[in-house]
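Work out the full structure, taking the sequences as your base and the hints as a guide.
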Amino acid sequence: MLTKRIIACLDVHAGRVVKGVKFIDIIDAGDPATQAARHAREGADEIVLLDITATHEGRQTLLDTVRRTARELFVPFAVGGGIRSADDAAQVFEAGADKVSVNSAALADPMLIDAIGRSFGAQAVVVAIDARRDPNAADPVRDAQVFVQGGRKPAGRRVIEWAREAEDRGAGEILLTSMDSDGMRTGFDCELTAAVSEAVGIPVIASGGAGTVAHFVDVFGRGKADAALAASIFHFGVSSARSLKEELAAAGISVRLPC
Amino acid sequence: MRVTVIDYKAGNLTSVLKALRHLGAEAEVTDGDLSMVESAERLVLPGVGHFAATERLDATGLTPAIRAAIARGVPFLGICVGMQWLYAGSTEAPNQSGLCHFTDGCTHFAESTEKVPHVGWNSLEVKRGSCLLAGVEPGEYVYFTHSYKAPVTDDTAATTYYIEPFAAAVERGNVMGVQFHPEKSGATGLKILRNFLEWKAEATAC
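So the protein lines, in turn, are chains A and B. If you read the first sequence in our numbering, its first letter stands for residue 340, the second for the next number, and so on. If you read the second sequence in our numbering, its first letter stands for residue 2, the second for the next number, and so on.
Incorrect hints may appear among the rest.
Stated by the list, open to error - Keeping only pairs whose Cα atoms sit at most 20 Å apart, straight-line, the calculated SDA-like set for lysine to any residue is:
#	chain 1	residue 1	chain 2	residue 2
1	B	K201	B	L191
2	B	K19	A	A429
3	B	K19	A	L402
Everything labelled a hint here was simulated from the structure, so no lab data went into it. This structure is a prediction, so every number in the text was calculated from the model and none was measured.
Right, here's the structure in full:
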């Protein structure tokens with residue numbers, strides 16, 4: 340049976356894993372390669388490394404980090420942040436990533452999705468969408484808006500329409516982050532996740548708002564998510580992806596165990 | 002041991018090479034140097050993306066070279082599209098022929114309410130006697146990402162269920178294939194790659 344995936348997300352700045360709530364009080368949380376290996380060993384189904392600064396100067400640092408992280412990692416490994424062209428993507432793949440996640444660059448030039456998919460296959464392209472409900476719309480969920488610049492600026496696109504376009508252009512997965520829920524630990528936005536998941540035929544990864552194991556149960560059930568991202572999984576009382584998955588299994592969610 | 006990995010520009014080879022080297026293999030890459038296939042000790046044909054990419058195997062003369070290597074008894078492992086190529090073809094690219102080593106062709110998943118592609122970790126139901134899957138327990142998980150699948154036949158070494166049962170692994174003598182990505186399937190995947198690296202013609206039933 341196809342299982343629901345728990346994806347461990349590492350936010351990386353200048354070659355180090357950082358943790359913080361909404362980028363405030365950022366603390367050093369170790370070496371990306373060491374952390375990724377630990378998450379894989381402790382049962383994560385996939386690793387995502389997000390370069391949260393993604394400066395031009397940081398490009399070489401990122402590639403070195405990807406190379407070191409990929410070396411001993413034998414689960415799927417996605418990299419995002421600052422990938423603006425098919426050439427950028429090619430370098431990240433060459434360094435050992437299996438997938439790239441594109442966000443604002445794909446909004447600026449949607450052909451980027453087609454270009455990466457053509458060269459590396461749809462399975463290698465994750466389109467990340469930062470979403471906010473639109474409180475002024477008749478249907479705040481179905482009319483949710485895409486945001487850029489860390490959720491500060493509207494992109495002028497509706498989430499569902501953009502997710503469908505990304506799929507048509509050859510995206511393999513959608514990484515949906517609810518900016519309303521992100522950092523709140525009050526649960527994923529299950530209504531929005533379900534609306535997007537039902538609108539597309541490709542897997543949807545839910546992100547933003549996880550605070551308890553029950554939130555994961557909810558997003559896999561009501562939210563119809565195919566996978567869920569856990570950025571600060573160890574902040575809310577579960578010691579590892581394995582223990583989270585054991586609790587999910589007990590709640591009737593199909594997960595990869597033993598792992 | 003030496004492994005020759007065939008590059009026909011169907012996706013990124015880094016992960017496959019990394020996994021083989023991690024297991025101690027001396028992995029080399031060829032993208033059309035037929036002499037490397039002629040002298041190969043073991044062959045791996047990876048591949049992601051579209052079945053049409055296998056056209057390059059014909060265009061570069063790799064197809065007859067691989068066929069000859071297989072006939073010579075060289076252990077061969079196809080991964081994902083590389084496995085599908087071992088069959089007659091795929092409805093993904095109806096004008097492109099496969100190797101026809103295994104009968105029947107690959108087809109798209111049937112219409113259903115489930116999502117396609119099939120992406121994620123799913124379990125293996127291993128049939129008896131597979132050398133490639135020796136030591137893999139029933140229900141072990143491996144990582145898939147694909148929209149087309151191979152039929153279940155007498156050569157199927159393991160099945161997986163998604164929408165319908167399909168061939169997760171195929172094996173007849175020195176010719177093996179896996180629909181999943183062993184290089185991305187954790188300890189189970191590495192065990193399978195190690196079995197391939199250690200495969201011997203003289204071994205009796207596994």
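**Prompt:** For which of the previously enumerated hints does the structure constitute a violation, in increasing order of number?
**Reply:** Nothing - there is no hint that the structure violates, so all of them hold.
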